[in-house]
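Residue numbers (our numbering), protein chains in the order written: chain Y, 1 to 180; chain B, 1001 to 1297.
Hints listed in this document are in silico derivations from the structure and should not be mistaken for laboratory results.
In this text, all values refer to a predicted model and were calculated from it rather than measured experimentally.
Ideal Cβ placement from N, Cα and C applies to all residues, glycine included.
Don't take each hint at face value.
[Stated by the list, open to error] Here are the simulated lysine-lysine pairs, DSS-like style, with alpha carbons at most 30 Å apart: (1) Y:K87 <-> B:K1128; (2) Y:K147 <-> Y:K34; (3) Y:K98 <-> B:K1032; (4) Y:K81 <-> B:K1120; (5) Y:K81 <-> Y:K21; (6) Y:K72 <-> B:K1128; (7) Y:K143 <-> Y:K154; (8) Y:K46 <-> Y:K154; (9) Y:K178 <-> B:K1111; (10) Y:K123 <-> Y:K98; (11) Y:K141 <-> B:K1032; (12) Y:K81 <-> B:K1032; (13) B:K1128 <-> Y:K46; (14) Y:K87 <-> Y:K104; (15) B:K1120 <-> Y:K72; (16) B:K1032 <-> Y:K46; (17) Y:K21 <-> Y:K46; (18) B:K1120 <-> Y:K46; (19) Y:K81 <-> Y:K46; (20) B:K1227 <-> Y:K87; (21) Y:K81 <-> B:K1128; (22) B:K1032 <-> Y:K147; (23) Y:K98 <-> Y:K21; (24) Y:K98 <-> Y:K141; (25) B:K1032 <-> Y:K123; (26) Y:K147 <-> Y:K72; (27) Y:K34 <-> Y:K178; (28) B:K1032 <-> Y:K87; (29) Y:K21 <-> B:K1032; (30) Y:K34 <-> Y:K104; (31) B:K1120 <-> Y:K143.
[Said to hold, decoys possible] Derived DEER-like restraints, expressed as beta-carbon distance ranges: (32) Y:A172 <-> B:T1097: 38 to 46 Å; (33) Y:H177 <-> B:G1218: 28 to 36 Å; (34) B:G1024 <-> Y:A172: 48 to 56 Å; (35) Y:K87 <-> B:L1122: 18 to 26 Å; (36) Y:M145 <-> B:T1294: 24 to 32 Å; (37) Y:K141 <-> B:Y1162: 51 to 59 Å; (38) B:P1182 <-> Y:K141: 48 to 56 Å; (39) B:I1287 <-> Y:Q135: 54 to 62 Å; (40) Y:T36 <-> B:Y1234: 26 to 34 Å.
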Amino acid sequence: MRRKFFLVGFLVVTFTAPAQKFVLTEGVITFFSKATLEDISAENTKISGIFNPGTHEIAFVIPNNQFQFEKKLMQQHFNEKYMESDKFPRSTFSGTLKGFENFKPGEQVVTAVGELTIHGVTKIVEVPGTIEVAQDRIFIKSKFMIKLADYSIKIPQLLWQNIAETIEVAVAVTFTHKPQ
Amino acid sequence: MTPMKSLFAFVSLVTISHASIAQGELLLELTKEPLDVPVIATFKGTRVINGQSVETKPRGSLEFIFSHRFGRINEGAYTLWGLDDAFVRLGLEYGITDRLGVGLGRTSVDKTFDSYIRYKLLQQHIGKMPVTITTLGTLNYKTSPKNSDSIEPIKTTDRLAYVAQLLIARKFNQNFSLQVNPLVVNRNRVNQTVETNTDFALGIAGRHKITRSLAITGEYIFRLNDKPNSPPDYIRYDAIGFGIDIETGGHVFQLVFTNSLGLIDRAVVTETTGNFWEGDIHFGFNITRTFQLTRKK
Chain Y
1 MRRKFFLVGF LVVTFTAPAQ KFVLTEGVIT FFSKATLEDI SAENTKISGI FNPGTHEIAF
61 VIPNNQFQFE KKLMQQHFNE KYMESDKFPR STFSGTLKGF ENFKPGEQVV TAVGELTIHG
121 VTKIVEVPGT IEVAQDRIFI KSKFMIKLAD YSIKIPQLLW QNIAETIEVA VAVTFTHKPQ
Chain B
1001 MTPMKSLFAF VSLVTISHAS IAQGELLLEL TKEPLDVPVI ATFKGTRVIN GQSVETKPRG
1061 SLEFIFSHRF GRINEGAYTL WGLDDAFVRL GLEYGITDRL GVGLGRTSVD KTFDSYIRYK
1121 LLQQHIGKMP VTITTLGTLN YKTSPKNSDS IEPIKTTDRL AYVAQLLIAR KFNQNFSLQV
1181 NPLVVNRNRV NQTVETNTDF ALGIAGRHKI TRSLAITGEY IFRLNDKPNS PPDYIRYDAI
1241 GFGIDIETGG HVFQLVFTNS LGLIDRAVVT ETTGNFWEGD IHFGFNITRT FQLTRKK
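With these hints in hand, go ahead and build the complete structure from the sequences.
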């Protein structure tokens, strides 16, 4: 009897834990390509995300066609020829924050481990970053590199001097507690 | 297995499987809503071959268009298959908004200036809107012949022509796009015994991508009120064209073969004198270069 109660208690704990969620309310993902002829950068503020500090699980969804470029033609080429945004409209990350301690004040260095999907290709990645918990808000920052070839994004030979093979990605997002 | 051990195994199994489901669940929660994806790049340029396309220039983009048609290929080796003669249009098109654009151009044939305004009424969206529709209005001013060279006086209004058209296109998949464009051409001054002031036509154009930067194109413009039995000097044909689009960064190169010397809609519809099926074909190209004039936001 006691054993059964223990089992039920355990199940309740594991099932209620995800309920405490934080949602992404503000943030920007920027990428930089530094090549011989041209530096290209684009910004996306139309991202969404959920973080569960109880389970350390985190997920991001990035609509590819919301990256804003200075040159609009470049933005069109990015969507049409490289990301194929009509086929693969979203880039996603789903994983957990390793090294995260809930309720710990101040900035913490963590590693996001999980599946990064870009251009329809999913890779297991480990991405370093920092996290700061402040009452009902959580700030996350990260900077990492993405090799285009890993996600079968091909650069035409004619443009190898314009587009870098490895792209730097910067993430700066704020999560806010969402009462259930 | 002792009861305690099996319980532990069960609990850890539940926890692990639950955690892995939950991880996907967060993502699932974020991707519940379908994304609104506008369909872009139905055509590579604002022209398909001779005619216009539904494309508008994005806000703040200035496109320089340099179009060329050479003489007839069937003139043979003496004129280097037509390459000795060149007919040119220089043009600019600017995107005021992503949907509203204006253009200016000047063509060497007839020394005609053209100005136009285009507006994208509807944009194709996946799952929402099946087609893109653009309207386009053109004003042409023919500066040739000079008043002093003309036997009878030419009024300013005589030099004007207008074109109105509706372009309807659908990008069926990543590679294939099709467009139909009914259009009406009004020329203020024509030889009314053999020509009409107002002409109607229906253009059909298609594009098929071979690689992501290379596409083949085709275009046929049916004239709907063609007059049969016109005197030889007034025999006109439907404009037909085939081409290859090559895109390299900020440039688009369109290499074309067509029976029309027209570089503006008025001339393409009403003044095409080559018989395509008898080999009256001109080689030509449209080259565009796009510049971004505005900064972000």
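Verification of the hints:
no. : hint                           : result
1   : Y:K87 <-> B:K1128              : holds (16 Å)
2   : Y:K147 <-> Y:K34               : holds (13 Å)
3   : Y:K98 <-> B:K1032              : holds (27 Å)
4   : Y:K81 <-> B:K1120              : holds (23 Å)
5   : Y:K81 <-> Y:K21                : violated (37 Å)
6   : Y:K72 <-> B:K1128              : holds (24 Å)
7   : Y:K143 <-> Y:K154              : holds (23 Å)
8   : Y:K46 <-> Y:K154               : holds (25 Å)
9   : Y:K178 <-> B:K1111             : violated (67 Å)
10  : Y:K123 <-> Y:K98               : holds (17 Å)
11  : Y:K141 <-> B:K1032             : holds (26 Å)
12  : Y:K81 <-> B:K1032              : holds (26 Å)
13  : B:K1128 <-> Y:K46              : holds (20 Å)
14  : Y:K87 <-> Y:K104               : violated (42 Å)
15  : B:K1120 <-> Y:K72              : holds (17 Å)
16  : B:K1032 <-> Y:K46              : holds (16 Å)
17  : Y:K21 <-> Y:K46                : holds (20 Å)
18  : B:K1120 <-> Y:K46              : holds (25 Å)
19  : Y:K81 <-> Y:K46                : holds (21 Å)
20  : B:K1227 <-> Y:K87              : violated (48 Å)
21  : Y:K81 <-> B:K1128              : holds (23 Å)
22  : B:K1032 <-> Y:K147             : holds (29 Å)
23  : Y:K98 <-> Y:K21                : holds (17 Å)
24  : Y:K98 <-> Y:K141               : holds (14 Å)
25  : B:K1032 <-> Y:K123             : holds (22 Å)
26  : Y:K147 <-> Y:K72               : holds (24 Å)
27  : Y:K34 <-> Y:K178               : violated (38 Å)
28  : B:K1032 <-> Y:K87              : holds (17 Å)
29  : Y:K21 <-> B:K1032              : holds (17 Å)
30  : Y:K34 <-> Y:K104               : violated (37 Å)
31  : B:K1120 <-> Y:K143             : violated (39 Å)
32  : Y:A172 <-> B:T1097: 38 to 46 Å : violated (30 Å)
33  : Y:H177 <-> B:G1218: 28 to 36 Å : violated (58 Å)
34  : B:G1024 <-> Y:A172: 48 to 56 Å : violated (25 Å)
35  : Y:K87 <-> B:L1122: 18 to 26 Å  : holds (22 Å)
36  : Y:M145 <-> B:T1294: 24 to 32 Å : holds (31 Å)
37  : Y:K141 <-> B:Y1162: 51 to 59 Å : holds (58 Å)
38  : B:P1182 <-> Y:K141: 48 to 56 Å : holds (55 Å)
39  : B:I1287 <-> Y:Q135: 54 to 62 Å : holds (59 Å)
40  : Y:T36 <-> B:Y1234: 26 to 34 Å  : violated (57 Å)
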